[in-house]
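Q: The lines below spell out each chain.
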Amino acid sequence: MAKEIYSRYPMVKYLRKEALPTALCPGCGGGTVLNAFANAVDQLRIDPKDLVVVSGIGCSAWIASPYFLADTLHTTHGRAIAFATGVKVGLPDKKVVVISGDGDLASIGGNHLIHAARRNIDITVILVNNMIYGMTGGQVAPTTPFGAKTTTSPYRNIEHPLQISETVAAAGASYVARWTTAHVYQLIESIKKALQVKGFSLVEVVSQCPVQFGRRNRMKEPAEMLRWFLKNSVPISKAKKMSPEELEGKFVIGEFVNRERPEFVSELNKLIDEVQEHFGLKGEDDGV
Amino acid sequence: MPIRTVMKANEAAAWAAKLAKPKVIAAFPITPSTLVPEKISEFVADGELDAEFIKVESEHSAISACVGASAAGVRTFTATASQGLALMHEILFIAAGMRLPIVIAVGNRALSAPINIWNDWQDTISERDTGWLQFYAENNQEALDLILIAFKVAEDERVLLPAMVGFDAFILTHTVEPVEIPDQEVVDEFLGEYEPKHAYLDPARPITQGALGFPAHYMEARYTVWEANENAKKVIDEVFAEFEKKFGRKYQKVEEYRTEDAEVIFVTMGSLAGTVKEYVDHLREQGLKVGVAKLTVYRPFPTEEVRELAKKAKVLALLEKNVTFSVGGALFQDFSRALVNLDERPKIVDFILGLGGRDVTFKDLDEALAIAQRALNGEEFDEVNWIGLRKEIL
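First to last, the protein sequences are chains A and B.
If you use the working numbering, the first sequence corresponds to residues 1 to 288, in order.
If you use the working numbering, the second sequence corresponds to residues 1001 to 1394, in order.
Because the hints were derived from the structure by calculation, they are not lab data.
You may find that some hints are simply not true.
Incomplete in silico selection of chain A near chain B, CB under 10 Å [to be verified]:
hint, residue
1, T76
2, H77
3, G110
4, P262
For lysine-lysine, the following DSBU-like pairs were computed, each having C-alpha atoms within a straight-line distance of at most 30 Å [to be verified]:
hint, chain 1, residue 1, chain 2, residue 2
5, A, K17, A, K49
6, B, K1197, B, K1021
7, B, K1277, B, K1197
8, A, K94, A, K220
9, A, K17, B, K1391
10, B, K1197, A, K149
11, B, K1233, B, K1391
12, A, K149, B, K1023
13, A, K198, A, K282
Here chain B is said to cover these stretches of chain A; the calculated rule only asks that three of the stretch's residues, wherever they fall, bring their Cβ under 8 Å from a Cβ of chain B [unchecked claim]:
hint, stretch
14, 7-13
15, 190-204
Each residue gets a CB set at the ideal place from its N, CA and C atoms; glycine is no exception.
Using the sequences plus the hints, can you model the full thing?
A: Structure below.
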C-alpha cells in the first residue's frame, strides 16, 4: 500500500525510499516543505549530487535528513548554519541548503542565523517556523505568538515573537521571503530564487504543528491551522500601510529583499588571490 | 503526612524542586528531561511555587541565568540532559569556581553522533572534572530524595559547590513508580532558607565575581574547589544521616548488597543497580558468592569506601554505561587509582555495556560474569570488555 503511494509520487526519485514513511506526525507541515523543496530542485534541474543539505535538531531537522536523497549532515541543536558555513567554504561549488526549524535556527542558534546573513555567505536556509518546540512536546519558543498557550506558558505567552524574516533582511541577506504552508506555489518559486541567488538566502515557511500548537490553541485539525494562515496572511505591500497594532497576530508574506551584495566565499577567495599575488605566491597553491 | 503516590522520575525531580523552594528556575526543553521544567512551570503558573521561571533560548542561557541568580544569593534549579549538559559545559566550571550551590537534575542520556535520545551516563560522566558534586539515583524515590540532599550538601558552608543528580533516561525519567512525597514542613526544617554568607552580589556592598585570576592566585582558587570536594565527603555522610532521621530512608555513598563473603562484587550506578541486585539474587540461589555495590555518590569520589569494599572481594566487576576512549570506563580509571597503592587489592575487570539505551539483560551479565570468573580463577582475562556487541553489524 505504502509502496504503491510512493510509486505514484513524481518527486519520489529525490527521496530515500528505504527511510520512508517519514517520522513526521500526520498533518505536519514538514511534508509540504519537503515537497516544495523537491519540486524546486526538480524545476531547476539541480543534480542532487551537487547539493549538501544540513539540519540541526528538532522535527524540521528531519524534513531532509534522512529522507532527501543527497548528502545530508544532521548536526547539533542550533548549529546547522555554522556547520553549513564550513561545508560551503570547503566545497564552494556545491549548493549548501539548511532545512531546520525556528526552535533550532532562530532560538538556540539565532546568533548563527544573524551572522551568516551579515556575512552574506552563499547558503540557502529554509526555516520552518511552527512557532513552538514541537519535538520536546510543545514548549514556548522565542517564535511563539503573543498570547498563545503552550506547555510552559499554560495560561498565555507574555513574550513577543522574534520577527525572523525582518531580522535576517536587516542583517544583510541577499534574499529573504516568507510564506506559509498554505502558499505552496509561491513557496516553490521563492525556494527556486533562493537557490539561484548568490549570497545568503532565507525562505521562512510558517508551518502548522497541529499536535503541539494547534491542539492547545483551538486548532486541532491541520486544515484549521491552514485556514488561520490564509485568513491572517498580509502581503508586504499591504502591510507597509498598516500600523503595528493592525499587524499584531498577522503573517506578513512575500519577498522582503532580493538584492546583490558581495558574497563571503567569493570575497574570501578574492582576498587569497590578492595576498598570493602580493607575495609572489601565485601558482604555488590553488587556494581554497 | 507524607503522600504516597506514583510518578515518573521527571515528576519526582519537579516535586523535589518545588519542596526545595528555589527562587529562580531557568530551563530549556530537551528529551528526556523536558517534563521537569514543564511540571515546574505549572507549579509556578498555578501559584504553588513562588519562583521566577525563565524560559530561556538554550541550555547555555539556562545555566548562565542560574549562575546570575545564584550569584545574587538565591537558591536555583534547572534540568537538562546529554547535549544540553554538554552545551552548559563552559558554565559548569564557572558555577563551581564561583562556589554557587546550583542543583541540576539530569536525565542521563547518550551523546551524539549518532543522535541518540536513550540512556547511558556519558553526559554526566563527561562533566566529572568540572568541580560539581555528582549523585546517581537508582529509582524515582532516590531521584526526589537526592535532589533535596544535593541542595543541603551544596549549600553547606564547608562545601559551597554546585551539584548534579543523575537518573537514567526513560528507564526512570518516563517510568511510573511509587514515590513518597515528604511533608513540606519537614523539608523546610531539613533545608532551611538559603542564606549565602560568602561572596554574593549586593549593590549595597559591591564585589567583583568571576574576574581575572592571575598566576599568583589561580591555583589557590582551584585548590579551594579541591578542598571543598574533600570536605563534601564528610558533609554528605552527615546529611545522609540527618535525612534518614527526618525521612526514614537510608543513603550511603557506596551501598552494598549481599557482599558478605562475596568473591566477585559487581559495581555499578543508577538504575542498573536494580537489575544487578536481581541478578545477584539469582546467582546466590545457585550458590555463587557474588554481591553488588552501588555508587550513589560519584563526585567526590568515595575513595575510602571503595578501599573498604576492595578488602571484601577477590574480583571487582565494574559495569558502566560510559567510555573514556583507550582507557575503558571512567569507573575503571577511578577504581584503579583508588586501589593502586594498596599492598593487597582485588583484580578489577571493566565492562562497558548498555550504551545509547541498549537493554542490559541477564544474558549480558552472564557474559560479564564468565570473564570475572576467569579473573577469579587466575586465568587470563581482558581488562576492558564491551558486552553485548552485535558483532554481525560491525
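Q: Within the stretch 190-204 of chain A, is the number of residues with a Cβ closer than 8 Å to a Cβ of chain B three or more?
A: Violated - the stretch 190-204 of chain A has 0 residues with a Cβ nearer than 8 Å to chain B, which falls short of three.
Q: When I compare C-beta atoms, does the stretch 7-13 of chain A have three or more residues closer than 8 Å to chain B?
A: Three-residue rule not met by the stretch 7-13 of chain A, so violated; n is 0.
Q: Could you grab the alpha-carbon distance between K1277 of chain B and K1197 of chain B and see if it respects the 30 Å cut-off?
A: violated, 43 Å
Q: Does the alpha-carbon distance linking K1197 of chain B and K149 of chain A stay inside the 30 Å limit?
A: violated, 41 Å
Q: Against the 30 Å threshold, does the CA-CA distance of K1197 of chain B and K1021 of chain B hold or violate the hint?
A: Holds - the C-alpha atoms of K1021 of chain B and K1197 of chain B are around 19 Å apart, at most 30 Å.
Q: Per the CB criterion, is H77 of chain A less than 10 Å away from chain B?
A: holds, 6 Å
Q: Does the interface hint hold: is T76 of chain A within less than 10 Å of chain B, judged Cβ to Cβ?
A: holds, 6 Å
Q: Holds or violated: K17 of chain A with K49 of chain A, Cα cutoff 30 Å?
A: holds, 17 Å
Q: Take the C-alpha atoms of K149 of chain A and K1023 of chain B, compute the straight-line distance between them, and say whether it is at most 30 Å.
A: holds, 24 Å
Q: Can the restraint linking K17 of chain A and K1391 of chain B be considered satisfied, given a maximum Cα separation of 30 Å?
A: Status holds; Cα separation ~27 Å.
Q: Between the alpha carbons of K198 of chain A and K282 of chain A, is the straight-line distance 30 Å or under?
A: Distance ~26 Å between K198 of chain A and K282 of chain A Cα, so the pair holds.
Q: Can G110 of chain A be said to touch chain B, with a Cβ gap under 10 Å?
A: holds, 7 Å
Of the hints listed earlier, those the structure fails to meet are numbers 4, 7, 8, 10, 11, 14 and 15, in rising order.
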